[in-house]
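Engineer: Take 1 as the starting number for the sequence shown in the UniProt record's numbering and just add one per residue.
It is worth saying that the hints were derived from the structure and are not from the lab. One should not assume that every hint holds.
Here are the simulated DSSO-like pairs of lysine-lysine, each with C-alpha atoms no more than 30 angstroms apart in a straight line [said to hold, decoys possible]:
no., residue 1, residue 2
1, K106, K214
2, K145, K183
3, K214, K183
4, K145, K106
5, K145, K114
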Amino acid sequence: MTELELRDLRKTYRSRGRPAVDAVRGIDLALHSGELLGLLGPSGCGKSTTLRMIAGLETVTGGDILVGGASVVDRPAQRRNIGVAFENYALYPPLTVAENLAFGLKARRGRDRKDVDRRVAEIADRVDLTGILDARPAGLSSGQKQRVSLARALVREPDVLLLDEPLSHLDAAQRDTTRRELKRIQRDLGHTTILVTHDQEEALSLADRIAVMKDGVIQQLGTPYEIYDSPANLFVADFVGEPAINLLPGIADPDGHARLSRSVRIALPVPVAVADGREVVVGIRPEDLHLTGDGGLPARVVAHEPLLEAGIATLALDGVERPLVVLTDPEVRLAHDERVRVTADPDHTHVFDAETGDSLR
1 MTELELRDLR KTYRSRGRPA VDAVRGIDLA LHSGELLGLL GPSGCGKSTT
51 LRMIAGLETV TGGDILVGGA SVVDRPAQRR NIGVAFENYA LYPPLTVAEN
101 LAFGLKARRG RDRKDVDRRV AEIADRVDLT GILDARPAGL SSGQKQRVSL
151 ARALVREPDV LLLDEPLSHL DAAQRDTTRR ELKRIQRDLG HTTILVTHDQ
201 EEALSLADRI AVMKDGVIQQ LGTPYEIYDS PANLFVADFV GEPAINLLPG
251 IADPDGHARL SRSVRIALPV PVAVADGREV VVGIRPEDLH LTGDGGLPAR
301 VVAHEPLLEA GIATLALDGV ERPLVVLTDP EVRLAHDERV RVTADPDHTH
351 VFDAETGDSL R
């Protein structure tokens, strides 16, 4: 198995008459052998540029890329032994599935026909393509095309596997099935893998660790649980989670509360010591809020969506401009303008500096 390391990796685009654009601004990452890391972020954050630099499809402005302890920055893409499954599949339409899988192997010296056929059959069996090896891409479903793209990357026996938005073109049912298959295949074969995605569910369910990117910088690196339960800043908190976290501006009081309005105060986590009068943003995930009969904060129901697994209630707190979203039990029914009370557990409440956005926990 092979380790992958990025050291102060940077990419700046320059064009005549235009200001330089820093797409990647000094990334440091070390992947353990066999690890699957999710590179998660919105469009334009630099995640695909990072993937292309690792693959050798984009020149590096600064920094280093090490595979198995050896730098590959000066090697062309074909000499890096890195497999890439592209978002758009990039299959050759005139070739059959078997010919698509064999194409890269046949270009390598020293691989005889029998060896190529054996390797193609082995990977096709792993990725459940044996029954369509004679088909051409035009006759395949989106899910089958994605499996062919993955198999073509795997057939080379790569040191590192790169997956660029692998599930983005699939419908919901295909995504669920392919995601489970992808995780099984990666675990079985043990490739060190980077998954580039803007889909948080994809990253949270597949990755051993996640690097959340924004503006060419890694905002937080950690396990899915760390990213979700202990976001490092407002961006990570807001980007990860569905429904999105409630973010409520407030002013810190000296007794461990934050004032959200004249009449609404909320307890802050006990380990947090915030100076009196400091502007903060209180973050509470919808599943950490609970409707209660007594106590709690008084609120008015703006809307309620009774879904199968849980309901989504939108509430208005007295004097607070931003609405509060709460997950409710599926059997709960709430009427428009109904008065309710809602509580939050301080242990599951986040607090951020309003100016810097950094977590104060």
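Engineer: Compare the structure with each hint and give your call.
Structural biologist: Hints versus structure:
Restraint check for K106 and K214: not satisfied, since their Cα atoms lie roughly 40 angstroms apart, outside the 30 angstroms limit. A distance of roughly 17 angstroms separates the Cα atoms of K145 and K183; the hinted pair therefore holds under the 30 angstroms criterion. A distance of roughly 26 angstroms separates the Cα atoms of K214 and K183; the hinted pair therefore holds under the 30 angstroms criterion. About 21 angstroms separates the Cα atoms of K145 and K106, which keeps this hinted pair within 30 angstroms; it holds.
Proximity of K145 to K114 is assessed by CA-CA distance (about 25 angstroms); at most 30 angstroms being required, the pair is judged to hold.
Hint 1 alone, counting from the list given before, is not met by this structure.
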